[in-house]
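Take these sequences, add in the hints, and give me the full structure.
Residues in the sequence shown are numbered consecutively from 629, following our numbering.
Simulated from the structure, these hints should not be mistaken for laboratory data.
As the structure is a prediction and not an experimental result, all values here were calculated from the model.
Please note that a few of the clues may not be correct.
[Stated by the list, open to error] Okay, derived cross-link-like pairs now, DSS-like style, lysine-lysine, Cα gap no bigger than 27 Å in a straight line:
| id | residue 1 | residue 2 |
| --- | --- | --- |
| 1 | 633 | 667 |
| 2 | 767 | 691 |
| 3 | 837 | 767 |
| 4 | 958 | 841 |
| 5 | 862 | 887 |
| 6 | 836 | 693 |
| 7 | 822 | 837 |
| 8 | 822 | 862 |
| 9 | 841 | 862 |
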Amino acid sequence: MISTKRLTIRDIAKISGVSYATVSRALTGSPGINSETRKQILGICDQVGYTTNYMARSLVVRKSKLLGFIVGSIDNPYMAQLAFQVELYARQRGYSLILCNSMHQEQHEAELFSLLMGRQVDGIIITPTNAESYELMDKYVEQIPTVVIGDNLKDERRSYVTVDNYQGAELGTEYLISMGHRSIVYIGHRQGSKTHQHRTEGYLNACKKHGLKTAVISNAAPSSSIEHGYTLGKNLLSGPHPYTAIFAGNDTTALGVMKAADELGIRIPEDISLIGFDNISYSMLPRINLTTIEQPLRTMAVSAVDMLIHNIEESAAGYSHIVLTPTLVKRGTCRLITGAGEEYQKENLHGQTI
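Structure representation (structure tokens):
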């Protein structure tokens, strides 16, 4: 019969011919053991397939070296890229990651907080579904170091890392205006999302500054996806409309709009220009080549992990806030309207079109 008994430190001590305490020092990197003995013990552990029982160890040292990461859904390319960067850097800092999908449900987020705390994680990073999520999570958040990625916050009594979504949308809208577009529609706004609220406000303010009419098409779903972008895009493009450019609230929505346009025989950018937000990996593919606003995902992930580990290891009180700067990535989905450059310069010089 195959043995299913898990090897313990006492088993390794017996095999190695040393004490329990010596094996423990070798495995934890503690002083009081010479390098040759440590190397021998670690070699034996590798040979017999011994793995550390981190749960038991955490009860002793009061640290599990585990972090929890709650995302809306890993099938969103933006979330997948962010999760990859968070896990990659957490491992570099000596922590393992437990990844959880909330399915964009506030109640599920609260349940996952409870689950992760039961698994003895040292801290939690979360991309919350909306600003209301905290009403359900408050009783847990006060008990464990927590960092938010994104700005779905009612107030600043939380540590967070985010990109300046308002500035990003303003930047994208200004770019479209500089290309000569005077009829721009914003598509994919989600009610209850601070992220989308700030992006929509950036679009509205840029249009207002140039005296342009605005139009916002909302996404009633609790999440953004290619499918939702396709539906919104098809509803918009199937009939007559006055728009020469579409600002999509994120790249997944933009990809859905591109799919709808392709089905309807509408060419991007020849018939209508399109810009996204996030700069997910799909956006740079040759047949997509999406102009977009980039979020610095690697920097966001590193900042969030560093912030959380600082709170864990230093028992830091108070809250930290990091707001990163977005950048415009110019590719091939925005068309220059003839004479736009000169007209835009006159607007910026005199404050009005002349």
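Results for each hint:
A hinted pair counts as satisfied when its Cα atoms are at most 27 Å apart, and residue 633 with residue 667 qualifies at roughly 25 Å. Restraint check for residue 767 and residue 691: satisfied, since their Cα atoms lie roughly 21 Å apart, inside the 27 Å limit. Proximity of residue 837 to residue 767 is assessed by CA-CA distance (about 43 Å); at most 27 Å being required, the pair is judged violated. Only pairs whose Cα atoms come within 27 Å are accepted, and residue 958 paired with residue 841 is accepted, the gap being roughly 24 Å.
Pair hint residue 862 plus residue 887 holds up; C-alpha atoms about 9 Å apart against a cutoff of 27 Å. At most 27 Å may separate the alpha-carbon atoms for a hinted pair to count; residue 836 and residue 693 exceed this at roughly 50 Å. At most 27 Å may separate the alpha-carbon atoms for a hinted pair to count; residue 822 and residue 837 meet this at roughly 22 Å. With a C-alpha separation of about 26 Å, the suggested pairing of residue 822 with residue 862 holds against the 27 Å cut-off.
For the suggested pair residue 841 and residue 862, the alpha carbons sit about 22 Å apart, so the restraint of at most 27 Å is met.
Checked against the numbered hints above, the structure violates hints 3 and 6; every other hint is satisfied.
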